[in-house]
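Chemist: These protein sequences, in sequence, are chains G and W. When the letters of the first sequence are read in order and numbered with this note's numbering, they come out as residues 1 to 292. When the letters of the second sequence are read in order and numbered with this note's numbering, they come out as residues 1 to 338.
It is worth saying that the hints were derived from the structure and are not from the lab. Built from N, CA and C at the ideal position, the CB exists for glycine as well. There may be inaccurate statements among the hints.
Some chain G residues flagged as far from chain W (calculated, every beta-carbon gap over 12 Å) [stated by the list, open to error]:
(1) L63
(2) G135
(3) T265
Below 30 Å or equal to it, Euclidean Cα-Cα: the simulated DSSO-like pairs (lysine-lysine) are [unchecked claim]:
(4) K237/W with K98/W
(5) K201/G with K13/W
(6) K284/G with K237/W
(7) K165/W with K10/G
(8) K165/W with K45/G
(9) K13/W with K103/G
(10) K45/G with K237/W
(11) K50/G with K129/W
(12) K50/G with K98/W
(13) K98/W with K45/G
(14) K50/G with K237/W
(15) K13/W with K10/G
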Amino acid sequence: MPKKETKGGKYRGRIGALLITPAFITQFIFGWFPIGVAFIVAFQKFYLFKNVYVGFDNFLYFLQNNPMTIITFRNTLYYTGLSLALTFLVPILVAIFLMEMRKGVIRAMMILWFIPVASMAGIIIWKWFYDVQYGLFNGILKSLSLPTLRWLDDPRIAMLCMVLPGLIMYGPGLIYIASLQGIPDELYEAAELEGAGFWRKIWSITLPRLRPIIAMWLILSIIIWFQVFDFPYIMTGGGPVYATRSVVIYMYDLAFGSFHYGKGTALSIMLFLVIMVLVVIQRKYFKENIDV
Amino acid sequence: MPLIAKVGRTHFKTKSLIVIAALFLWIGVFLHLFPVWWMFTTSLKSTREVFEFPPTLWPRSPSLKAYGLFFSVFASSLKGEAAAGKISLVYPVYIYFKNSFIITGVTMLIQIPMVAIAAYSISKLITAKWNRILFLFFIGTMMIPMQISFIPNYLILRHFPFPTKIPRLPISHKPFPTYNFLNSYWAVILPSMYSAFSFILFKGFFDTIPDELINAARLDGASELGILRRIVLPLSKPILAVVAYFTFNSSWNNFIWPLIVLKERKVWPLSLILYHFQQQLFAQPPTEMDPETEKLIRAGISFSGLMAISIIQSIPVFIMFIIFREYLMTGIKLRGFK
């Protein structure tokens, strides 16, 4: 029902306009304006004192015979896929299992689990665990007289090693717990009466009920994973042999390593387009609606 | 609501299922706590003990020497040799801690009230046709990856407010005066002042406050700002806690943006110096290590120093968690995410 513009409403609107002003200005200058600028810079080449429009040259640089484009996008996609497999499904399971425990146990576990570690500290300690010479993992392998692995130095498993800490370091399931508690008990009771078992209840009640939040987090996670920078940059610096070089690392090197601002921006726009395509696909095939 | 039926809990099959679930969870808890433990004990060990295998669970002679880095670049016991040259930290760690603290503190002080009143306004005050457009204006950037604005934001901050071409003044033909924010706290604070994520959390919460409550206050003659202060603010404690926690974490842990805009050591936050320090320690091959770091290692604080700084970086995160624990664990129930 559209509200009628009353005198009070108008007055309220004015106060409202006043209250949004600071946020509006900030969001405009540092939120939308740079995005607009990106679409200008991407078509420019920077020289010392001036910038020249170069048409689609910056984009063509990546599209024509540039193996690094393929490598970095493939790595990023691989990272996203691995994260999806590991750090997305396990927390759901954790949250479901957690609900089975007694109240006191839930509390204790959540407190212990969410004891947070600053992200840089967490990444560094894992880097050390993986260290070929002095790392904990190779130490254990050695003492069991098993062949040691090269972990982050091995292009084949480097990416897997990188995803694993994310699963363990970040308290999983926090988001799902809230939704789990929101599921009405009657649903489970009804299912019980019909003889549904544990897994059956998860499959038919819990997961469909979690669907909205899963869909929302899936979108946000894909956006975040595709921008991965910290983990590979700190742990491997993009190596070995580019095996963990992500698109954003490539962009960072181009723009802030060799000052190709135009090329860097063009690459970020391409990444943006890829993400958008994925989000659109995801929205189309993964309905947020519960009763589908 | 547990999924396993209460009546059947004594059956062997369901019982074993619960045991497996508990085991799974406790292993997870252990895996999570182990690195924290490792970090803490290592920070107390001597260099020789750090590289021992099997690792000692508790240092034989725990020493706080590594934490001396907080106050001075030279831990108290290594005056002689190491004092001769600078070490790779350059400044004592408290300088970096202070930088992190200022950046995070100012970001929180600006962001939380600013976003809260904007979200309240969109939720309760602006009901006209603008509402929908403004809402999209405020959250739209969340769906666009932020790396797209990295380079433009860098260029904007370099000669604020012009990203690329600086116009000339009409008469004197001198370039328009610009301001260079790079290498200052503001270079990090300005772009992170507004957060669409916080906005969504706030808006989701304010939407749950019934209109009747506010209308009743209006009928009683309360002013709009009075309502905001006396009715809405006391109600929003849980959401303020949640937003404060998220804002703190994202700002404290921010790495890529300070890496881009801060080149001078004296304004580096902890995350940057930690990154730099570990790059030195993990240098492959070790010959590439800079002589200062080598000195530090010989003086006995290599990985223990790194772990000490890691602990120092983690402590505020932990304190924030303790402060907001109750709100985080119960308050998440707020329908903020929808």
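Chemist: For each hint, tell me whether it holds in the structure or not.
Modeler: Consistency of the hints with the structure:
1. L63: Label holds. Min Cβ-Cβ 18 Å, cutoff 12 Å.
2. G135: Per Cβ check, G135/G is inside 12 Å of chain W; nearest 10 Å; violated.
3. T265: violated, 5 Å
4. K237/W with K98/W: holds, 27 Å
5. K201/G with K13/W: The hint holds at about 16 Å.
6. K284/G with K237/W: At roughly 37 Å apart (the allowed maximum being 30 Å), K237/W and K284/G break the hint.
7. K165/W with K10/G: violated, 41 Å
8. K165/W with K45/G: holds, 12 Å
9. K13/W with K103/G: Distance of about 22 Å is within 30 Å: holds.
10. K45/G with K237/W: violated, 50 Å
11. K50/G with K129/W: violated, 43 Å
12. K50/G with K98/W: It is violated: about 38 Å lies between the C-alpha atoms, which goes past 30 Å.
13. K98/W with K45/G: Roughly 39 Å between the alpha carbons, so the hint for K98/W and K45/G is violated.
14. K50/G with K237/W: Roughly 51 Å between the alpha carbons, so the hint for K50/G and K237/W is violated.
15. K13/W with K10/G: violated, 65 Å
Hints 2, 3, 6, 7, 10, 11, 12, 13, 14, 15, counting from the list given before, are not met by this structure.
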